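In order, the protein sequence lines correspond to chains D and V.
Residues 78 to 302 in the working numbering are what the first sequence lists, from first letter to last.
Residues 213 to 531 in the working numbering are what the second sequence lists, from first letter to last.
Derived by calculation from the structure, the hints in this document are not laboratory data.
Only a predicted model underlies this, so the values are computations on that prediction, with no experimental measurement involved.
Do not take every clue at face value.
Here are the simulated DSSO-like cross-link-like pairs (lysine-lysine), alpha carbons at most 27 Å apart as the crow flies [what the hints assert, rightly or not]:
1) LYS265(V) - LYS123(D)
2) LYS277(D) - LYS100(D)
3) LYS277(D) - LYS364(V)
4) LYS344(V) - LYS114(D)
5) LYS116(D) - LYS344(V)
6) LYS143(D) - LYS520(V)
7) LYS143(D) - LYS285(V)
8) LYS272(D) - LYS265(V)
9) LYS285(V) - LYS344(V)
10) LYS363(V) - LYS119(D)
11) LYS285(V) - LYS148(D)
12) LYS285(V) - LYS277(D)
Partial list, derived from the structure: chain V residues whose beta carbon lies under 7 Å from chain D [as the list claims (entries may be wrong)]:
13) GLN239
14) GLY242
15) LEU243
16) ILE357
17) PHE416
18) THR473
19) LEU516
Idealized CB from N, CA, C, for every residue including glycine.
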Amino acid sequence: MIKKITNISDQGIICDFGEEVNKDINKKVISLFNYLKEKSNKDEIKGVYNIIPSYNKLVVHFDLEKNNSHKLKEFILSIDIKKLTTSQKNKSWTVPICYDDEFALDLENLTKSLKLSKEEIVNTHLKTEFYVYMIGFMPGHPYMGDLDKKLFTSRLQSPRIQVPIGSVAIAEKFCIVYPYLSPGGWNIIGRTSIKLFDTKNLTNPCLFSPGDTIKFEKINKSELK
Amino acid sequence: MMEQNHFEVLRPGINSTFQDKGRFNVQYMGLAPGGAMDYQSFLLANILLDNDKNTGAIEFAYQGPLLKLVKGKTKIVITGNVFFKIYSSNGEIIGDPYRTYDLNEGDQLDILATKASVYGYLSVEGGFKLDKFCGSVSSQPRAFIGPNEGKKIEFKDKILILKNSTIKKNKIIRDIKFESKKIFSVLPGPQFHYFSTTSKKKFFSTPYMITKQTDRMGMRVIGASLENLINSNIPSEGIIKGAIQVPGDGNPIILLSDHPTTGGYPKVGSIISSDYDDLIQQNANKEIFFQLVTLEAAEQQFALYLEKIKKKISNIEEI
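Isolated chain D (complex conformation):
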């Protein structure tokens, strides 16, 4: 469970669930996140600015005028995380992806470093059911895992200055989608046209939530919107 809680700011604490990154630990992080979010919405925890779940950590950013680290730490340590139940329902998504060479900028190089054919890489990627560990870095940006061991790879030696929007990329045991034009150092294996963050949607702008599952579905270039 929580190994320790320390300060990440004078207005923020970080709950550390240990070094490992796996679904079991992440599910505990998410259940604590949902619980604290509910408590904060009901104003049973005062002055919460943001609660930020990640792979194996949970950060709570609060207003020091209304709350403090000591009180929050004590409160969180009194929670039995194993017993938390949540009304949050996780969803399953199918994400269209085009693996054509013009989008899969690093696929060719990966065939060499992974010693697999393009078809093998694509089929392995398509077979995997991905789990959303967290949304972070920029709006709607999912961190998903785990890749099949055959596809484990390191990041690019030198990151790209600009990664095209919708690029699907892999590194280590994770897979991401870039929702915006941005710099990036992950290996790009395809492109999707799915909109991950929609500012027109005022109630639920972010498509995925931590804990959702995702499968990719291969499409042709002509189907890419």
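Once you've looked at the hints, dock chain V against the given chain D.
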């Protein structure tokens, strides 16, 4: 239909955006809180105008906009250490920050420069007419979030004002001092122990220069590099503004209001909240120092920070 009260932008300035206190309960979606860089100056602008505390203002950096009040009558205030002029039918005056002014139809407001500082704020009585997203009008141009799809304020933009001025008297805070702060307090971060004792000693005793690679997302400083003994990558974790992250090259980056929501670099510490407004006002090329403090000291400083704001508010006079 009657034309709404509005300014026309005759010059947008360098980095002019709409800001309020920022967004809450959104960071789990990858959306940064954003909000006014110098919260205190932003807040005082609204209080001087009897506005709701969180009314959206125009934040500008270095050079602000030149605005013409095309329609209506409004009361304005500028906060920060700002040099500005007002052109009216009575001629030209040099304005004082932290003092409200009445603008009449046809008047122009020329926000020329911030003095020995970076950010300033313009607020109008009753506020601008702005669409909110997730409870806030704050702009994040990179993510197309905020009024007008998050774009910075541009030449010829029409900025709508919600109402005509009804407050007769003007207000001022007289004793605002613009001190140049040099030493910034740092609370140890979650990966404080990743860095060698020798390099931390240097970090907390030698000067660091603020580089030009500084914006609303982060401030890069150059000085003695921090030596990482454990790992220069960590599994990405949540970020709070003020965090000092140290990538593999050992050069610290202080993450500011539009920071990425999560980050995979170890953090040596974080700038204490009460020093944040002063930190972001420091210009590029300036030398600053960091000093290590305890949580208790940081909390005491925060209480003092709130006290000082309250005192400024109680010093507001009618003129």
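Here is what the structure says about each hint:
1. LYS265(V) - LYS123(D): Distance ~19 Å between LYS265(V) and LYS123(D) Cα, so the pair holds.
2. LYS277(D) - LYS100(D): violated, 32 Å
3. LYS277(D) - LYS364(V): Roughly 19 Å separates the two Cα atoms, so the pair holds.
4. LYS344(V) - LYS114(D): holds, 22 Å
5. LYS116(D) - LYS344(V): holds, 25 Å
6. LYS143(D) - LYS520(V): Cα-Cα ~17 Å, so holds.
7. LYS143(D) - LYS285(V): The given pair, whose Cα atoms are some 38 Å apart, is violated under the 27 Å limit.
8. LYS272(D) - LYS265(V): violated, 35 Å
9. LYS285(V) - LYS344(V): holds, 24 Å
10. LYS363(V) - LYS119(D): Violated: LYS363(V) and LYS119(D) sit about 34 Å apart, past 27 Å.
11. LYS285(V) - LYS148(D): violated, 49 Å
12. LYS285(V) - LYS277(D): violated, 33 Å
13. GLN239: holds, 4 Å
14. GLY242: With a closest approach of 5 Å, the GLY242(V) hint holds.
15. LEU243: With Cβ-Cβ at 5 Å, under 7 Å, it holds.
16. ILE357: Interface hint status for ILE357(V): holds (6 Å vs cutoff 7 Å).
17. PHE416: Not OK, violated: PHE416(V) not within 7 Å of chain D, min 17 Å.
18. THR473: holds, 5 Å
19. LEU516: Given a least distance of 12 Å, the restraint on LEU516(V) is violated.
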